[in-house]
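Just so you know, the sequences run in chain order A and B. Take any residue in the first sequence, note its place counting from 1, add 5, and you have its number in this note's numbering. Take any residue in the second sequence, note its place counting from 1, add 66, and you have its number in this note's numbering.
One or more hints might be untrue.
[What the hints assert, rightly or not] Short derived list, chain B residues pointing at chain A, Cβ under 8 Å:
(1) P170
(2) V182
(3) L189
(4) L310
(5) L349
(6) M350
(7) A353
[To be verified] In silico negatives: residues of chain A with every beta carbon more than 10 Å from chain B:
(8) W66
(9) M77
(10) H95
(11) I109
(12) E113
(13) I154
(14) V157
(15) Q174
(16) G187
(17) M193
(18) L195
(19) A269
These aren't lab readings, by the way, just hints derived from the structure by calculation. All of these numbers come straight from a predicted model, not from anything done at the bench. C-beta atoms are modelled at their ideal positions from N, C-alpha and C, and glycine is treated no differently.
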Amino acid sequence: MSNLFDLLVAGLATGAIYALVAVGFTLLWQTSQTINFAQGEFVMLPAFLMLAAMHAGAPFWLAIILGILLSMILLGLAFKMLLVDPMMRHGVLPLAIATMALAIGIKEAVKQFFSAEASPFPSIVPTGDISILGHAVSLQSIGVLGVAILAVLGLTTLLNRTSLGHQMQAAAQNPTVARIIGVPVERMILLTFLINAFLVALASLLITPIYLAKFSSGEVLGQAAFIAAIVGGFNQVRGAIAGGLLIGVLDNLAAAYVSTQYRAAVPMIFLIAVILFRPQGLLGRAEERTV
Amino acid sequence: MSGFAKPLKIALGLAVIAGLIFVPMNFNRYGLFILSQWAVMSIAAMGLNLTLGYAGQVSLAQGAFVGIGAYAAAIMTTHGWPLPAAILVAIALSFAVGWVLGYPALRVQHHYLAFVTLAFSTLAFLVFRNESWLTGGIYGISNIPRPHIFGFATNKPLPFYYVCLGSLAIVSVAVWWLIRSPWGRAFMALRENPLRAQSLGIDTRRYTLMAFAIGSALGGVAGALYAPLTQYIDPVPFNLSLSLDLLMMVIVGGAGFYFGPFLGAMIAVLLPEWLRFTEGYYLMLYAVAVMLLLIWSPTGILGILDRYMAARRTKAASALRAVAKSRLETVQ
Numbered sequence: 006m007s008n009l010f011d012l013l014v015a016g017l018a019t020g021a022i023y024a025l026v027a028v029g030f031t032l033l034w035q036t037s038q039t040i041n042f043a044q045g046e047f048v049m050l051p052a053f054l055m056l057a058a059m060h061a062g063a064p065f066w067l068a069i070i071l072g073i074l075l076s077m078i079l080l081g082l083a084f085k086m087l088l089v090d091p092m093m094r095h096g097v098l099p100l101a102i103a104t105m106a107l108a109i110g111i112k113e114a115v116k117q118f119f120s121a122e123a124s125p126f127p128s129i130v131p132t133g134d135i136s137i138l139g140h141a142v143s144l145q146s147i148g149v150l151g152v153a154i155l156a157v158l159g160l161t162t163l164l165n166r167t168s169l170g171h172q173m174q175a176a177a178q179n180p181t182v183a184r185i186i187g188v189p190v191e192r193m194i195l196l197t198f199l200i201n202a203f204l205v206a207l208a209s210l211l212i213t214p215i216y217l218a219k220f221s222s223g224e225v226l227g228q229a230a231f232i233a234a235i236v237g238g239f240n241q242v243r244g245a246i247a248g249g250l251l252i253g254v255l256d257n258l259a260a261a262y263v264s265t266q267y268r269a270a271v272p273m274i275f276l277i278a279v280i281l282f283r284p285q286g287l288l289g290r291a292e293e294r295t296v
Numbered sequence: 067m068s069g070f071a072k073p074l075k076i077a078l079g080l081a082v083i084a085g086l087i088f089v090p091m092n093f094n095r096y097g098l099f100i101l102s103q104w105a106v107m108s109i110a111a112m113g114l115n116l117t118l119g120y121a122g123q124v125s126l127a128q129g130a131f132v133g134i135g136a137y138a139a140a141i142m143t144t145h146g147w148p149l150p151a152a153i154l155v156a157i158a159l160s161f162a163v164g165w166v167l168g169y170p171a172l173r174v175q176h177h178y179l180a181f182v183t184l185a186f187s188t189l190a191f192l193v194f195r196n197e198s199w200l201t202g203g204i205y206g207i208s209n210i211p212r213p214h215i216f217g218f219a220t221n222k223p224l225p226f227y228y229v230c231l232g233s234l235a236i237v238s239v240a241v242w243w244l245i246r247s248p249w250g251r252a253f254m255a256l257r258e259n260p261l262r263a264q265s266l267g268i269d270t271r272r273y274t275l276m277a278f279a280i281g282s283a284l285g286g287v288a289g290a291l292y293a294p295l296t297q298y299i300d301p302v303p304f305n306l307s308l309s310l311d312l313l314m315m316v317i318v319g320g321a322g323f324y325f326g327p328f329l330g331a332m333i334a335v336l337l338p339e340w341l342r343f344t345e346g347y348y349l350m351l352y353a354v355a356v357m358l359l360l361i362w363s364p365t366g367i368l369g370i371l372d373r374y375m376a377a378r379r380t381k382a383a384s385a386l387r388a389v390a391k392s393r394l395e396t397v398q
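Isolated chain B (complex conformation) (with noise of 0.2 Å):
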C-alpha cells in the first residue's frame, strides 16, 4: 500500500470508519442485522488470518470456536451474567481448547492439519446437539439478552450494531499491534521457514500452539457477540460449513494481508444480500464469482492489488534508473 501517499491513505481510514458509523444510522432492522453480522465474521476471519495467512497453519475449525464463543455467551448471560463476563469466559475457553488443537500442528502439517480439525469441527458440532442439558440440543437456547453497556440498552438494532462495529474496532487495534510485535514476526517466520525460524532460536513449539490459540479466541469472540445478535442459537449454524466459509473469507480476501478478513467477510457476507435480486440464482452466481476471483487471482483482492503496486514500484524504479543512466551518459 505504500503507492499512496500517507495523508490520502489517512484520509480514506477515516472516511470508512466515518462511513461505517454514519450511514447505517438510517438502515433498516435488517440492513443492521446484515452488517452487524459483516463486523461479527471479520472478528472470527481476522483470527483465522492470524492462524493460517500469518503463521501457515490450515484451521478448518474456526466455526467450532464461534461456535464455542456463541454457546459459552448463550448460557451464561441467560443465567443472569452480563456479556463482558462471558466475553472474557469465551475467550479464555476457546484460547486453551485452541492451544490443545495447536499439538497436532506440530506433527503434522499441510492438508493433514486441515483434516485434522475437519474432525474436531464436526465433534465439537455433535456435542453442541447431542448434550442437550448444557446447550438444548436441537432446540437451541432462545431469548438471549443483549447487554447494557455503560448503563445504556442495547436492545434496538442501531445500538447493537455499534457493539459489535466497536468490538471489531477493539479487536482490529489488537491484532494491527500484535503483527507488528515480536509475536507477529515470529509468525511469520514460522509461515515462510520453519527450520530457519527454529535455527535464530525462535521456539516453533510454542508459537504454533499460540497462532492457534490466539486465532481461535478471536472466533471465540466473535461467537460471544453473535449469541446477543441473533438472540437465539441452535447447533445448524454452527457445523462444518461455516468453517469453510470462513477460511473462504480470508482467502478471497486475501491471507497474511492486514485487511483480507474484512474483505472477505464483505464478499461472503453483503454479496449474497446484493444478489438477492436474482432470487433462487444467488448463491450460484456467489459460487461463480468466488471461482472466477481465484482463477484471476489465486492470493485473494488485495493479492490484485498488491501485484498493481508492485508492478507500480518496478514502472517507477526503472524510470528512476533510465533518467540515472542517461544522467551517467551526458556527464561523460
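With the rest of the complex left out, here is chain A (with noise of 0.2 Å):
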C-alpha cells in the first residue's frame, strides 16, 4: 500500500505540471484557436533562459524573473504579433502546421546556442523528505503540487471573480458580441497570450530540476498537456486540470503496475476512448458546430 501512497503523490505532482502547461493550451485555443504544437517547447525553452541569466552571473531569484519575463516576450507577445497574428484568419491548420516547424526552430535554436547535452538546474524546493501519514514524502513532490495549486488557483479567480476575467471570457466565447458591449477583444487575447507565457515559465521552473534541461525535453511533456487538455474538456479550464492530474497520477500508475515498455500507450488508449465516448472531455462542453 505504501507504494501505491508514493506513486499517487508522485503523479499528482507530474500531473499538477502537465494542468499548468495544459490550461494554457486550453487558453489559447479558447480565445484564438490556435493548437500550439510548440507548447512543449515553450516549457523547455524558459529554463534555459533563466540558465542564461545564471551564467551571465545573475543570481537564482533574479535569474527566475528574468527568464520569466523573457519568456513573457518572446513566447507572449513576439509569438501572438509575429506568427498568431497574421495566420489567425486563415484557419485551424495552417497556423497548427506553422507551430510545428516553430517547435523545430526553437529545439535547434536551444541545441545550437546553449547546449545539446542535458543540464543541471537548481530546485526552488529543498530536497529531502518529510513524514505525512507514517510515509515518507519528497518535499520536491509537496512543493511542486503547492506552486501548481496556487498558480491554477490564482488563474480559477482572476478569470471567474474578476471583471477582467469575465472580459476575458466574453472575447473567448463571442468575440462579435463581446466587442459590442465594449471588451477590448483584442488586448483580451494578447492577455491570454502572456498567461500561457507565465504557465509555461512556470511549468518549466518545476519540472526543469526533476527532469534535467534538455532541447528534445519538450516533445513528451508537449504531449502528456494535449492528452490532459483533451480528456478533461478541450474548451473548460477546469477540465484541463483534472486532465493534467488524471493523466500524471495514470502514467505513473500505468509504469509500475501494467509494463514499462507500454506505460506509453495507457494514456493514449485513454484518449482514443474518451474521443470516441465523450469527445467533449470528461468535464467539456460540447461545441456547437457549424455545418
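Could you fit the two chains together into a complex? Lean on the hints.
Here it is in C-alpha cells:
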C-alpha cells in the first residue's frame, strides 16, 4: 500500500505540472483557435533562459524573474504578433503546422546556442523527505504540488471573480458580441497569450529540476499536456486541470502496474476511448458545430 | 494552371521528367539517396493529400503507415519473398488498418480526429519498438535486400533510384486517375460539404473510410520502398515526427493541389540538404523558412501560384469586358 501512496503523490506532482501546461494550451485554443504544437518546447525554453541569466552572473531569484519576463515577451508577445496574428484568419490547420515548424526552430536554436547535452537545474524547493501519515514524501513533490495549486487557484480567481476575467471569457466565448458591449477583445487575446507564457515558464521552473534541462525534453511534455487538455475537455480550464492530474497519476500507475514498455500506451488508449465515447472531454461542454 | 498554353505545359512536364531521369546519372551515392528519399516521401505525402487535401480528413498517422509498410517489406524480403509481393502485402495491410482507423472519423472531426490519429501513431511506434520477436525491437532489421526487377539487380544506388522514380510515376498516374474519377469528386464533396454530399446520395460513411484506407495504403507503398532504400530499419524514423513532417509537406506544398506533395516533399527533403552549408543552423533556417512561407501563403506554394493565376484571369476577363463595353458604346 505504501507503494501505491508514493505513486499517487508522484503522479499528482507531475500531473499538476501537466495541468499548468494544459491550461495554457486550452486558453490559447479558446481565445484564438490556436493549436500550439510547440507548447512542449515553450516549457523547455524558459529553463534555458534562466540558465543563461545565471551564466551571465545573475543570482537564482533574479534569473527566475528575468526568465519569466523574457518568456512572456518571446513566447507571449512575439509569438502572438509575429506568427498567430498574420495566420489566425486562415483557419486552424496552417497555423498548427506553423507551430510545428516553430517547435523545430526552438529545439534547434537551443541545441545550437546552448547545448545538446542535458544540464542540471537548481530546484526552488529544498531536497529531502518529510513524513506524512507515516509515509516519507519528497519535499519536491509537495513544493511542486503547492506552487501549481496556487497558480491554478490564482488563475481561476482571475477568470471567475474579476471584471478582467469576465471580459476575457466574453472575448473567448463570443468575440462579436463582446466587441459590441465594449470589451477590448484584441487586448484580452493578448492577455491570454501572456498568461500562457507565464504558466509555461512556471511549469519549466518546476519540472526542469526533476528531468534536467534538455533541448528535446519538450516532446514528451507537450504530448502529455495535449492529452490532458483533450481528456479533461478542450474548452474548459477546470477540465484541463482534472485531465492533467489524471494523466499524471495514470502514467505513474501504468509504469508500475502495466509494463514499462507499454506505459506510454495507457494514456493514449485512454485518450482514444475518451474521444470516441465522450468527445467533449470528461468535464467539457459539447461544442456547437456549424455545418 | 489553365493560364499556360497546353503545349507549353506538356513541354514543361516532359522537361521535368527528362530531368529526373537523366540529370541524376552522374550524381554521387548520397545525392541519389536523397533524391530516392524525395520520391518515396512524395508517394507517402500524395496519400496524405488524398485523405487531407481532397477528402478533408486530418490524419497525423501517415508516418505509422510508412512504418507498417517498411516493416512488412523488411520482414518479407529478408525471408526470401520478392519485393513486389511485399509491396502488395504492405498495401493490403495499410489499407485494412487505415480502414479501421477511419471509423473514428465517422464520429469525430477536425482537431479531435487529429488527436485520435496522433494516439494511433504513438501506439504503432510502441509496437514497432516492443514486439522484438517480429520487428527486431530497438535493434531493428538489417541487410534488407534490394530487388531484382525483370532480372536486373538494383543493388547500386542509380538502378534503385529508378525503381523509386518508376513507383512514383505509377502512383502519380493512379492518383491522377482517381481524383478525376467519380470517387475523387465524391471525396471533394465530402470535404466541401458533407451534409450536402449525403443528401445527393453519396454514401459519406463509405467514402470517408475509403479516403483513409487509400491514403494509408499509399503510405504503406512508400514504406515498402523505404526499407530496401535504407537497407536497415529501426523504430526511430517512424515516430510521431515523421507523421508531422508528412503533414507539413502536404500543407507547405499546397493541400488539395495535385502537385502539392511533390513540391512539399522537395522542400522537406531537399531544402535542409541545400542549407547544410550553414552547418548547425540548417534546421533552424528550414523552420523559419516554413513559417515565413505559411505566413505569406497559408495555402502553400501552389496557393501562391493559384492566386496569381486567378488574378490574371480576372484581369483578362475585365479587359475583355472593357473592350466589349466600348464596342457597345461605339455601336450606339
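Numbers of unmet hints, in rising order: 10, 11, 12 and 19
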